[in-house]
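Novice: From first to last, the protein sequence lines are chains A and B. Residue numbers for the first sequence follow my numbering, so the first one is 1 and each next one is one higher. Residue numbers for the second sequence follow my numbering, so the first one is 1 and each next one is one higher.
Don't read these hints as lab results, they were simulated from the structure. A few of these clues could be false.
Okay, the calculated bits of chain A under chain B, using three or more residues with CB under 8 Å as the criterion [stated by the list, open to error]: (1) 10-22; (2) 34-43; (3) 58-66; (4) 84-97; (5) 119-130; (6) 145-156; (7) 178-186.
For glycine and all other residues, C-beta sits at the position ideal for the given N, C-alpha and C.
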Amino acid sequence: MRHPSFRLTPSRALGAVVLVLAVLALLVWVPNDTASGYVVSKRGRVSIGDAMAPALAFGLLALSGLLILWETRNFDAPGQSDRRGPALLAVMLGICAAALTVMIWAGPLAVALLNPDETYRNLRDAAPWKHIGFVVGGTGLVTGLITLVEHRYSWAALAIGLATVLVLIGAFDLAFDDLLLPPNGDQ
Amino acid sequence: MTDLLNYIGLGIMAVLNGPALFEIGGIGLPVALVMLAAGLFTGIAVGATPGLAGPMAMAISLPLLISAFGFTPDALLPVFAFLIGIMKGATLGGAVPAILFNLPGTPDAMMTTLDGHPMARNGQPRRALRIAQLSSVAGDSFSDIVLFVCAPFLAVVVESYLDLPEKTALLILSISFIAAVMGASVGKGLLSVGLGLIVAYIASGNDLTPRLTMGFDALDAGVPLIAAILGVLIVGEIFATLETLWRNNRALDVKTETHGTAQDGLAPGDLKRITPVVVRGALIGTVIGALPGVGSTLAATLSYSLGARRARRIAGAQPFGSGAPEGIAATEAANSAVSGANLIPVLSLGIPGNAAAVFLILAADSIGGFNPGPAVFAMPEGETNPQLVVAFGIFTLMAIGNLLNWTVGGAVMRSMSVLARVPATRLLPVVLLVSLTAIYVQETSMFAVWATLAFGVLGYGMRRLAVPVLPFVIAFILAGPLERSAREAFSATGADPWFLFSSPTSVILLLMAVAALIFLGRDG
Numbered sequence: 001m002r003h004p005s006f007r008l009t010p011s012r013a014l015g016a017v018v019l020v021l022a023v024l025a026l027l028v029w030v031p032n033d034t035a036s037g038y039v040v041s042k043r044g045r046v047s048i049g050d051a052m053a054p055a056l057a058f059g060l061l062a063l064s065g066l067l068i069l070w071e072t073r074n075f076d077a078p079g080q081s082d083r084r085g086p087a088l089l090a091v092m093l094g095i096c097a098a099a100l101t102v103m104i105w106a107g108p109l110a111v112a113l114l115n116p117d118e119t120y121r122n123l124r125d126a127a128p129w130k131h132i133g134f135v136v137g138g139t140g141l142v143t144g145l146i147t148l149v150e151h152r153y154s155w156a157a158l159a160i161g162l163a164t165v166l167v168l169i170g171a172f173d174l175a176f177d178d179l180l181l182p183p184n185g186d187q
Numbered sequence: 001m002t003d004l005l006n007y008i009g010l011g012i013m014a015v016l017n018g019p020a021l022f023e024i025g026g027i028g029l030p031v032a033l034v035m036l037a038a039g040l041f042t043g044i045a046v047g048a049t050p051g052l053a054g055p056m057a058m059a060i061s062l063p064l065l066i067s068a069f070g071f072t073p074d075a076l077l078p079v080f081a082f083l084i085g086i087m088k089g090a091t092l093g094g095a096v097p098a099i100l101f102n103l104p105g106t107p108d109a110m111m112t113t114l115d116g117h118p119m120a121r122n123g124q125p126r127r128a129l130r131i132a133q134l135s136s137v138a139g140d141s142f143s144d145i146v147l148f149v150c151a152p153f154l155a156v157v158v159e160s161y162l163d164l165p166e167k168t169a170l171l172i173l174s175i176s177f178i179a180a181v182m183g184a185s186v187g188k189g190l191l192s193v194g195l196g197l198i199v200a201y202i203a204s205g206n207d208l209t210p211r212l213t214m215g216f217d218a219l220d221a222g223v224p225l226i227a228a229i230l231g232v233l234i235v236g237e238i239f240a241t242l243e244t245l246w247r248n249n250r251a252l253d254v255k256t257e258t259h260g261t262a263q264d265g266l267a268p269g270d271l272k273r274i275t276p277v278v279v280r281g282a283l284i285g286t287v288i289g290a291l292p293g294v295g296s297t298l299a300a301t302l303s304y305s306l307g308a309r310r311a312r313r314i315a316g317a318q319p320f321g322s323g324a325p326e327g328i329a330a331t332e333a334a335n336s337a338v339s340g341a342n343l344i345p346v347l348s349l350g351i352p353g354n355a356a357a358v359f360l361i362l363a364a365d366s367i368g369g370f371n372p373g374p375a376v377f378a379m380p381e382g383e384t385n386p387q388l389v390v391a392f393g394i395f396t397l398m399a400i401g402n403l404l405n406w407t408v409g410g411a412v413m414r415s416m417s418v419l420a421r422v423p424a425t426r427l428l429p430v431v432l433l434v435s436l437t438a439i440y441v442q443e444t445s446m447f448a449v450w451a452t453l454a455f456g457v458l459g460y461g462m463r464r465l466a467v468p469v470l471p472f473v474i475a476f477i478l479a480g481p482l483e484r485s486a487r488e489a490f491s492a493t494g495a496d497p498w499f500l501f502s503s504p505t506s507v508i509l510l511l512m513a514v515a516a517l518i519f520l521g522r523d524g
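The following block holds chain A by itself, in its conformation from the complex:
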């Protein structure tokens, strides 16, 4: 059985990963993704190049990785052993991604089905078309997350989601002529 102090705890793994990634970035990313070097000489004038600051920042990152490993050399809390946290985060992100995708496509889809002579781009500033994506996607986002955290679906969650988007439409869209709700600025 290994000595408990040598267990791979989250902090030790973090220190090791940070150290490796920082060294890789210093050797590969910074030199290949900056146009000038650490120091630039133009017409006899020497100045600091674009690579200097990122290189120092990655150097600091490597140092932080080493320090984390040093700080946890004798003892480190093992941390949470279950994987429910990352799994829940993945579900929350899934709900957000699905809701935003619906937000982007619900309006164009509604126009294509109900008003095929027009394009969504032409109607993106016309009610109700401009609100369809935001209402459906926004309500879905709030309702989905409440349902997830409360472990059950409720009509109250749906009502809260709907009320939130209606208040936001009132606050941003009706109160200001020049503001665009998502996703109408990208269309």
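Position chain B relative to chain A; hints supplied.
Specialist: For chain B alone, coordinates are given in the frame of chain A:
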């Protein structure tokens, strides 16, 4: 001296003589004052709602405020008024659920539960709230006075005695200090700082080809400032809190109710009892608040511990933890005194020390015409410095905010107790949608929304691995000034690679940076 008085007068007039938003009885109400009151009441409501915090409300309201007031210098005071109102109100409101429901509305109100809730359970919730209000506003007012005196003085000293190499060294010291004092360890503090610097350096260089974009066109303009800050600070917090609620079966929503008795209210002798504790708490909070990155929780803990130790030594004194008025006063005076003093490094040096200060800098950056730093307090001969007028306008707003807190703050606090019943499980998803919408409205790009979610994941991961998030945000903001100042210092010293060691002052500042990392850090 006459110039200074003139500027103070101009600052006060900028607030009081601003355009009227509406009239009451034929008297026009200046827009900045109306926004200050609105921000203050919003802040008390936000502080009184568990799961919400002042920075969240500041983040959500900033795009709305900018949309309403535009990008002209005239927008500065109304926008600052609302944000300062939130900052002051949230500090006060955090005590409400802490006292009534044993549930701190804001993290710095945690210590208020120790004596505030027992006093409320003993049938004196109004007395506890009143003591909290008086102590909190006294601490806040004291630290504001220190701010008014110290910020201009510090700025003048910095501008007179520090050249470019020393200013670079000062920025390095600030970042090192924040990395050392925040979070579980120096290594994790430095990790947070390093990440903030790297994200800020994406596509922000001098070359025509943007650096560190990995070929992604979407990154050619750099990472949207608001997406990075709100993602790590707000969305990350929402994800982490939702997970905690999900794991603990809504433990944050468990509340213990209290009811008042006929003898409720400030008791005779209470003011005399709490005065020395408030003075001590205000001093502790102000000193700690003036240091960037050292939070109000430390000030409250220190003040409470000192008070408790003193109470144990005095025969017949009510022990802390049993509903002692001194316990509430020690905590509230100290945590509120942090907020004013935290603006000393912001206004005089442009270095934000806490999340609220980050949003004030973000507002100044978005609107333009006001760049927090030593230049704000410059008094050029023969011309008026508009930034100094705005600075004294801000001081005026803070003083009026304190006046409102002294007078109507208590009544507003009591009326907000109903908000503590709002379940966080339902509130946080709403806050998430509001934040994402506000970001979209400001950036008009779905990329900014996706980027915010990505930074939210980073913020969540940092919280779960005990990596502090505030150093990331502060380093992200200071990355530009740090690189700019280093470039200018390098050029100004004739490309001297040792420019940071060119003067005794910069060497001392660098030694202090190293000393901060060695001596102030907490091991593991």
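Novice: Are the hints correct? Go through all of them and say.
Specialist: Checked hints:
no.	hint	verdict
1	10-22	holds (count 6)
2	34-43	holds (count 4)
3	58-66	holds (count 7)
4	84-97	holds (count 8)
5	119-130	violated (count 0)
6	145-156	holds (count 7)
7	178-186	holds (count 8)
In the structure shown, a violation is registered for the earlier hint numbered 5 alone.
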